[in-house]
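Fit chain X to the given chain G structure using the hints.
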Amino acid sequence: MLQRYSLFRVGVVLLLLQASAVSGDEYADARQNLVDIIEQDVRDTSLYLDKKALDPRVMSALGKVPRHEFVPAEQRKNAYRNRPLPIGYGQTISQPYIVALMTDLIKPQADDRVLELGTGSGYQAAILAELTGQVYSIEIIEALGKQAAERLSQRGYDNVTLRIGDGYYGWEEYAPFDAIVVTAAASHVPPPLVAQLKPGGRMVIPVGSRFLTQQLVLIEKDPDGQVITRQILPVKFVPLTGEHD
Amino acid sequence: MYRLPGNTINQQRLPWLSIALVSATALAYEVLLMRLFSIVQWHHFAYMMISLALLGYGVSGAFLMLLQRPLLLHFSASYIINLVLFGISSVACFLLAQHIPFNAEEVLWDAWQTVWLLCNYLLLAVPFFFAANAIGLALIYYRDRLSRIYAADLVGAGLGSIGILLLLFAVLPAQALTALGLFGICAALVAVRELQQKLTIAWLLLPLAAALLLMPASWSMLEMSPYKGLSQMLLVKDSRIIAQRSSPLGLLSVVESPTIPLRHAPGLSLNATTEPPAQLGVFTDGDGLSVISRYNGDRQTLAHLDQLTSALPYHLRPVNRALVLGAGGGADVLQALYHQATNIDAVELNPQFARLVSSDYADFAGHLYQTPGVALHIAEARSFVTGSPGNYDLIQISLLDSFSASASGQFALSENHLYTTESLAESLQKLAPDGYLSVTRWIKLPPRDTLKLFATGIAALRASGITEPGQQLILIRGWQTSTLLIKNGAVSAQDLEKIRTFCAARSFDVAYYPGITRDESNRYNRLRDAWFHDAAEALLGDGGERFLDDYKFNLRPSSDDQPYFFHFFKWRTLPEVMQLRKRGGAPLTDAGYLVLVATLAQAVIASLLLILLPLWIYQRRINPVKQGVRRTRVMGYFFILGLAFLFIEIAFIQKFLLFLHHPLYAIAVVLSSFLVFSGLGSAWLGRVSSDNRGRLLSQAVTAIVVLGTVYLLSLGSLLEQLATLPDIMRILISAALIAPLAFCMGMPFPLGLARLADYAPDLIPWAWAINGCASVISAVLATLLAIHLGFATVIAVALVLYALTLWVFPVPCNS
Chain G
40 MLQRYSLFRV
50 GVVLLLLQAS
60 AVSGDEYADA
70 RQNLVDIIEQ
80 DVRDTSLYLD
90 KKALDPRVMS
100 ALGKVPRHEF
110 VPAEQRKNAY
120 RNRPLPIGYG
130 QTISQPYIVA
140 LMTDLIKPQA
150 DDRVLELGTG
160 SGYQAAILAE
170 LTGQVYSIEI
180 IEALGKQAAE
190 RLSQRGYDNV
200 TLRIGDGYYG
210 WEEYAPFDAI
220 VVTAAASHVP
230 PPLVAQLKPG
240 GRMVIPVGSR
250 FLTQQLVLIE
260 KDPDGQVITR
270 QILPVKFVPL
280 TGEHD
Chain X
379 MYRLPGNTIN
389 QQRLPWLSIA
399 LVSATALAYE
409 VLLMRLFSIV
419 QWHHFAYMMI
429 SLALLGYGVS
439 GAFLMLLQRP
449 LLLHFSASYI
459 INLVLFGISS
469 VACFLLAQHI
479 PFNAEEVLWD
489 AWQTVWLLCN
499 YLLLAVPFFF
509 AANAIGLALI
519 YYRDRLSRIY
529 AADLVGAGLG
539 SIGILLLLFA
549 VLPAQALTAL
559 GLFGICAALV
569 AVRELQQKLT
579 IAWLLLPLAA
589 ALLLMPASWS
599 MLEMSPYKGL
609 SQMLLVKDSR
619 IIAQRSSPLG
629 LLSVVESPTI
639 PLRHAPGLSL
649 NATTEPPAQL
659 GVFTDGDGLS
669 VISRYNGDRQ
679 TLAHLDQLTS
689 ALPYHLRPVN
699 RALVLGAGGG
709 ADVLQALYHQ
719 ATNIDAVELN
729 PQFARLVSSD
739 YADFAGHLYQ
749 TPGVALHIAE
759 ARSFVTGSPG
769 NYDLIQISLL
779 DSFSASASGQ
789 FALSENHLYT
799 TESLAESLQK
809 LAPDGYLSVT
819 RWIKLPPRDT
829 LKLFATGIAA
839 LRASGITEPG
849 QQLILIRGWQ
859 TSTLLIKNGA
869 VSAQDLEKIR
879 TFCAARSFDV
889 AYYPGITRDE
899 SNRYNRLRDA
909 WFHDAAEALL
919 GDGGERFLDD
929 YKFNLRPSSD
939 DQPYFFHFFK
949 WRTLPEVMQL
959 RKRGGAPLTD
969 AGYLVLVATL
979 AQAVIASLLL
989 ILLPLWIYQR
999 RINPVKQGVR
1009 RTRVMGYFFI
1019 LGLAFLFIEI
1029 AFIQKFLLFL
1039 HHPLYAIAVV
1049 LSSFLVFSGL
1059 GSAWLGRVSS
1069 DNRGRLLSQA
1079 VTAIVVLGTV
1089 YLLSLGSLLE
1099 QLATLPDIMR
1109 ILISAALIAP
1119 LAFCMGMPFP
1129 LGLARLADYA
1139 PDLIPWAWAI
1149 NGCASVISAV
1159 LATLLAIHLG
1169 FATVIAVALV
1179 LYALTLWVFP
1189 VPCNS
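These protein sequence lines are chains G and X, in that order. This note's numbering numbers the first residue of the first sequence as 40 and each following residue consecutively. This note's numbering numbers the first residue of the second sequence as 379 and each following residue consecutively.
What the hints contain is simulated information worked out from the structure, not anything from laboratory work. Built from N, CA and C at the ideal position, the CB exists for glycine as well. Be a bit skeptical, because a hint or two may be false.
As the list claims (entries may be wrong) - Some chain X residues near chain G, calculated using beta-carbon distances under 8 Å: (1) 483; (2) 610; (3) 613; (4) 618; (5) 623; (6) 642; (7) 643; (8) 648; (9) 651; (10) 653; (11) 880; (12) 883; (13) 885; (14) 903; (15) 904.
To be verified - Here are the in silico distance ranges between beta carbons for each label pair: (16) X:1167 x G:239: 35 to 41 Å; (17) X:927 x G:65: 49 to 55 Å; (18) X:753 x G:111: 52 to 58 Å; (19) X:548 x G:185: 40 to 46 Å; (20) G:111 x X:979: 33 to 39 Å; (21) X:599 x G:185: 23 to 29 Å; (22) G:65 x X:599: 40 to 46 Å; (23) G:111 x X:990: 43 to 49 Å; (24) X:638 x G:239: 29 to 35 Å; (25) X:927 x G:239: 43 to 49 Å; (26) G:67 x X:1167: 42 to 48 Å; (27) G:150 x X:489: 41 to 47 Å.
Chain G with its partners taken away, still in its complex shape (with noise of 0.2 Å):
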């Protein structure tokens, strides 16, 4: 029975990587698209990111990982939309435009060591495993971490060291990192987390709903020490008087 089962997880397998492979062609025109689509939308919040481009690694990155596949199969349709998307256990699959912001804030190195709390689809995962040495991302609903380790592991990202748990105290065996990336509510900024951020380090979290994100907050620790944050709006909106730029 268990020989049986084996074998039929094999097929299933070698059935989806055809698909992906099919399916990667079909998607790619989709994926420059919303690659396009981010880069107008940046270049309107340049106000506020002051700049006009993001890294452009950081848009490779975008336009290289698969996003249809850290969807559920029934939102593969809509997973070049450049919208959050719903991926089960109350928990989305965040807008890529957000995504790109957010990675692009901790100015991602090819060395880095980068600590990301709730893993989610693994989506983020994915392009910060593209970006940078090596990854450590904690998700702290077991099913969704399961998945997203089988979905990384297909992908064949070896730089992504996946736990399941409790984020509030970092990964001290891996500590300090370059950057740490939060994507799950918190009500607050863990102390220890500060503590794991290495001298010249970035963390960003963003704010808002699952579906709305408020303003992204980018938490910088200079030489000494000192920790400052940066509170960002994701778009280009002059909220007082003035007129736009």
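Showing chain X alone in chain G's frame:
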């Protein structure tokens, strides 16, 4: 006179008890739906769904207009069947609605959500349709005694408004749903007896009742949105609900998470090195997390509470007497204890929440509310301040609403009497010299709450005769929270030094204190610009008015007459926000206000259809006997009445809210008084001969306008003088003040129907439809009017509308 079929047998006994029962149950069902949907979804969408579902009344009027003849031929059967269907559908439709995959959070992204929302309206309208059919049929059938039927309808609704509050204290909302289904079936059973039908029909109904009672528990379980805080919390390994308490104030769910501890400390400084102690989570309606913290008497375990923006006042002066408003799980009380306050008054509105801390989990909470020096008061915050002797060193109001609710604009529709200019001014009077009023809010970007609060603080100081309010204000912020301090005295140089030290140690920014420079205001939590500081300076300067006009959000201080603190929406900002809605701009809208406007637009369109379409079909196909009254007058009269009645009812709930010291008392006393006394007014009409109806309407309307005007001008000051009387006296006085006005308000509707009964009986259901539609529009319109012009205006408009009824009262065509 045109004769309807079935006229020969309507001398039978009036089914007043079943009418009262179905009316009571339908009103209770409306309140219950709000509760149920606030739990499974979010409040503002619940408001929209239920408002529009009430159009079931309008649909019923249209339906009866077209099918009244066959239904009246079999009146008893039609009446009983509608009651039975009401009972069954009230349960079934909600349970089905739970399976509609509507996700309020996805409305912006997914067009299908609009379709699911529509399905919800349609489904929930079904029970109201059946209830309205039963009442409407009775009004037509017993049209010679319709004022008594209408009286039973109103009195029943009045009793239902009290009954549902009592029921919600006694049982969980899902159980209340079954109970209301059973009440619907009971109404049918009573009707069988009242209409002298065969008892075998009653035996047929019993299995239905049994089916409701024996329904599997899994069917009636509430399916909470997976995006609500409680649903998310329960996904954490080993976390579970250990207790639930339910009342009309909300469903409290206590959650423990032994494996992965809950750690809730919003606004904690990034420099903090301590973490919160073990906590139990308390969710209200599945969201709005508060916590009960483990406390063993060792103050050092509470050190994290000194790392919040709300801790500032304790560093500026010794605090002996502190007043904590909205004590909840006790975090602010613990903060006061940590800072060695010796006398702490903790005020909590919800007695069940207080009992969780003081009794059920007292050991866990370290018997917090029994600690020497801590006094717990179950009271509404504003009323407690009004009645308190004062002399507080600190009045603390901290994060009373959850971040998600605040950020999504859910409260835009909710009145709040704590953040009004009058309320802050009153709190200032209760401070000892050099005492502080401290209000902590979530930071929203672009800035809204914090700045509106600052503007309200300025207004309150000016209203208290302070010419230089800037000398008494301090505003600090972290990345999550801001705290506004209003000092009862000028901020001193020593204060400034302490503020700088406090903020520097915690990496908080000072947005405003007297003499601040712009460079100081944006150091640790950097924004694109020094928005908070610039706005504070602008609000205090000569250009304050212009700043308020130009700002993209509404920051005008709220008042007791317009208590909508959370209304930040400005129409001129909408085009820009809509353009950006899918590129991170959606949180810039205040969803609550837009939901209100969308509800009104949909109600108006649906009402037009429901009023005009049946009339058109009726004229085309049925070819009625020539009607003896002008239809425009019929439409005007019943529409105006529908608007005016609810305008007054809603505005008076607000007027009595502060006087009755509790929102539940206000709703129960005001609503039931209006409905019951209106019912008595209608019943009294049964004694009046038909010749006197025109004169009686003039007298009733004159009395409404005169009394209403007197109340409009003097009720506020009268209630203020009586505010210190005991609860029971205030309740009786409220009922006594409402009684004469409501008695008169109960007359115009049955007088109009009686006129139709004489000259155009076929139009009675049409009038019923018009009134039903107008009532739905009225509830939404009253809120919109109050947001923009205040509740006094709502009453004034209602009085003008009542005066207009004299002009459009349906008169026979030949007169």
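Hint check:
{"no.": "1", "hint": "483", "result": "4 Å, holds"}
{"no.": "2", "hint": "610", "result": "5 Å, holds"}
{"no.": "3", "hint": "613", "result": "5 Å, holds"}
{"no.": "4", "hint": "618", "result": "15 Å, violated"}
{"no.": "5", "hint": "623", "result": "23 Å, violated"}
{"no.": "6", "hint": "642", "result": "5 Å, holds"}
{"no.": "7", "hint": "643", "result": "5 Å, holds"}
{"no.": "8", "hint": "648", "result": "5 Å, holds"}
{"no.": "9", "hint": "651", "result": "5 Å, holds"}
{"no.": "10", "hint": "653", "result": "6 Å, holds"}
{"no.": "11", "hint": "880", "result": "17 Å, violated"}
{"no.": "12", "hint": "883", "result": "12 Å, violated"}
{"no.": "13", "hint": "885", "result": "6 Å, holds"}
{"no.": "14", "hint": "903", "result": "5 Å, holds"}
{"no.": "15", "hint": "904", "result": "5 Å, holds"}
{"no.": "16", "hint": "X:1167 x G:239: 35 to 41 Å", "result": "56 Å, violated"}
{"no.": "17", "hint": "X:927 x G:65: 49 to 55 Å", "result": "53 Å, holds"}
{"no.": "18", "hint": "X:753 x G:111: 52 to 58 Å", "result": "53 Å, holds"}
{"no.": "19", "hint": "X:548 x G:185: 40 to 46 Å", "result": "44 Å, holds"}
{"no.": "20", "hint": "G:111 x X:979: 33 to 39 Å", "result": "35 Å, holds"}
{"no.": "21", "hint": "X:599 x G:185: 23 to 29 Å", "result": "27 Å, holds"}
{"no.": "22", "hint": "G:65 x X:599: 40 to 46 Å", "result": "42 Å, holds"}
{"no.": "23", "hint": "G:111 x X:990: 43 to 49 Å", "result": "46 Å, holds"}
{"no.": "24", "hint": "X:638 x G:239: 29 to 35 Å", "result": "31 Å, holds"}
{"no.": "25", "hint": "X:927 x G:239: 43 to 49 Å", "result": "45 Å, holds"}
{"no.": "26", "hint": "G:67 x X:1167: 42 to 48 Å", "result": "57 Å, violated"}
{"no.": "27", "hint": "G:150 x X:489: 41 to 47 Å", "result": "45 Å, holds"}
Violated hints, listed in ascending order, are 4, 5, 11, 12, 16 and 26; each of the other numbered hints is respected by the structure.
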